[in-house]
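> Required output: the full structure, derived from the provided sequences and hints.
Respectively, the protein sequence lines represent chains S and X. 185 is the number that the numbering used here gives to position 185 of the first sequence; each next residue is one higher, with no gaps. 28 is the number that the numbering used here gives to position 28 of the second sequence; each next residue is one higher, with no gaps.
Among the hints, a few may not be true.
BS3-like mimics (lysine-lysine), calculated; alpha carbons at most 25 Å apart, straight line [as the list claims (entries may be wrong)]:
hint, chain 1, residue 1, chain 2, residue 2
1, X, Lys176, S, Lys57
2, S, Lys325, S, Lys203
3, S, Lys301, S, Lys251
4, S, Lys35, S, Lys15
5, S, Lys254, S, Lys190
6, X, Lys145, S, Lys57
7, X, Lys145, S, Lys35
8, S, Lys301, S, Lys228
9, X, Lys65, X, Lys18
Calculated from the structure, these hints are not laboratory results.
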Amino acid sequence: MIVSSAKLVKDLFAKTIKTEPTRNGFGRGLVEAGKRNVSVVALCADLSESTRVLDFKHAFPDRYIQIGVSEQSLAAIASGMALAGKIPFIASYAAFSPGRNWEQIRTTGCLQNVNLKIAGAHAGISVGPDGATHQMTEDIALMRVLPNMTVLVPCDAIEAEKATIAAAEIDGPVYVRLGREATPIFTTEKSPFEVGKAQVLSKGNDVAIIACGPQVYEALKAARDLEKSGIETRVINCVSVKPLDTETIIKAAKECGAVVTVEEAQIAGGMGSAVCELLSQECPTPVIRMGMRDEFGQSGKPEELLEHYHLTAPWIVRAAKSVMKRK
Amino acid sequence: MPQRRHTPSAITDGDVRKLELIANTIREDILKMLLTAGSGHSAGPLGMADIFTALYFHILHHNPKRPTWDERDRLFLSNGHIVPVRYVTMAHAGYFPVAELQTLRKFGSRLQGHPEMRFLPGLENTSGPLGDGSSQAVGTAYVAKMDGSPWHTYCVMSDGELECGITWEAALFAAKNQLNNLTWIIDRNNIQIDGYTEDIMPLEPLHDKFTAFGWNVLEIDGHNIRDIINACDRGESTWEAPTVIIAHTIPGKGVSFMECEPSWHGKPPKDRKELGRALRELRTLNGAIEAGS
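Take a look at the structure:
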């Protein structure tokens with residue numbers, strides 16, 4: 001069922017699969033982007049360790065700028081630097097950036113269409129014990145609606161590294177969504193990655209599961225379990241929420257006839273919404289969107305929260321079976 | 001930081017007189033374009049005509065024929081709503097034809113209601129939402145220091161926007177990094193949309209606030225050309241801190257019924273008759289000289 005061209009790790013479902021937070025991949029990608037282009041600079045709002053900007057600071061101390069707890073000026077100062085020719089990455093928790101500085105991102109980043117790159121760490125409910133204030137679930141909606149913005153939601157640390165390097169090369173503002181928790185590394189250096197492309201990870205024509213972020217791994221586990229019931233599932237990694245890979249998604253809807261979307265974010269305005277906007281116009285198809293259903297998170301262990309909010313494989317299996325009945 | 005081509009701007013009484021006359025022409029054109037546009041802000045642009053004239057006709061190193069010239073001084077506008085004064089000054093400085101001023105706020109015009117760099121070359125930033133321009137100016141000045149570029153970054157901003165928290169975030173950052181290549185010019189006209197600044201949200205003692213934030217603070221009469229030029233010179237030659245010039249201005253300057261009147265913050269002259277009254281006052285310096293002389 002797994003597509004060989006996806007070049008996923010060999011023992012995909014081994015209990016010993018390596019895990020790492022996507023923010024670590026961002027940290028490595030940022031250093032690599034800095035090596036490739038001297039114009040890359042990094043700005044941080046008092047969260048350099050947990051956003052993994054620290055590696056960049058050590059590699060390029062002259063190109064690292066500490067702003068303090070000032071997310072609005074974080075965005076606007078960075079845009080001013082972009083106007084003067086730099087490629088600034090701004091890093092904070094997603095709840096604060098892009099949560100607190102949306103207007104600055106809109107006006108100075110998107111309307112001016114400058115090279116403002118936003119890394120939103122600690123996105124989603126899997127932030128865990130910190131609770132709802134720090135669990136950003138509205139960021140995909142906030143960023144996706146902005147003209148000129150590119151939105152990337154990498155599924156593991158390796159893809160996060162690729163997404164960060166790609167973000168530096170895109171001409172214009174980019175949002176990269178990152179998680180706090182260690183999650184399985186299931187793609188490899190050889191796995192294809194392209195902005196604007198969704199990757200088909202498993203073959204199947206019974207139902208399509210379109211996921212982004214670490215939920216892609218849950219989707220793959222769901223597909224494995226569905227196979228036991230004779231259901232062949234097409235799992236799609238929708239890393240590029242904007243621009244959306246319309247071709248791959250429409251094809252999946254046509255060939256499968258039923259779709260489940262999964263994301264660790266509000267279903268209102270999120271990646272699932274983007275899929276529904278597309279399909280309602282181009283190929284009306286039954287869809288179940290999984291994610292936060294107009295509610296905030298709470299404190300708890302990440303795995304408890306993911307279970308509570310139905311973001312684990314068994315819940316995806318149920319949704320897949322349910323949506324298939326509506327074909 | 002490399003030595004800048006800084007020379008004190010020797011200025012004669014004749015130069016000052018010439019600049020004052022340009023400023024007056026700019027005021028007339030502001031009112032004319034606002035009447036045609038049918039909407040827009042009158043008070044702020046009139047109050048800032050002297051400062052924009054001094055900037056474009058004496059202080060800034062710029063080239064209207066090469067608006068993206070690398071070595072130009074950067075002039076950010078943070079309070080985008082006063083952009084009519086910038087448009088008129090730019091037109092008279094040679095950035096675009098004066099006739100184009102009549103397209104202000106019209107469909108298809110490069111002269112958007114609030115300034116947009118994607119339409120008009122020569123604008124350093126897009127602004128309107130208050131507080132963003134001054135932060136961006138700080139970012140640009142920081143890059144100039146990083147790269148050892150000799151140009152200076154100016155930012156014109158309002159007093160009302162000092163109520164935005166982001167302004168003080170940027171002020172902290174500029175002082176921390178000793179951005180001596182940055183000058184903020186605050187239009188201290190004491191009015192904002194809902195009334196007088198000191199009623200809405202008191203800003204005084206403003207001078208002391210910026211001093212406490214680590215800035216080099218200068219306070220001037222924003223209608224005195226010589227004061228404006230001298231203050232900018234001092235800002236450019238200060239080495240240890242960013243400079244803020246608190247420019248005391250009269251909103252609606254030059255037109256008696258607009259001066260210091262908050263209701264003129266956000267509206268244009270209502271008809272040709274009202275425009276005529278305003279132009280007559282400007283042309284006669286409020287009756288000090290005979291019309292037509």
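> State for each hint whether it applies.
Quick rundown of the hints versus the structure:
no., hint, verdict
1, X:Lys176 with S:Lys57, "18 Å, holds"
2, S:Lys325 with S:Lys203, "20 Å, holds"
3, S:Lys301 with S:Lys251, "38 Å, violated"
4, S:Lys35 with S:Lys15, "35 Å, violated"
5, S:Lys254 with S:Lys190, "29 Å, violated"
6, X:Lys145 with S:Lys57, "18 Å, holds"
7, X:Lys145 with S:Lys35, "21 Å, holds"
8, S:Lys301 with S:Lys228, "30 Å, violated"
9, X:Lys65 with X:Lys18, "22 Å, holds"
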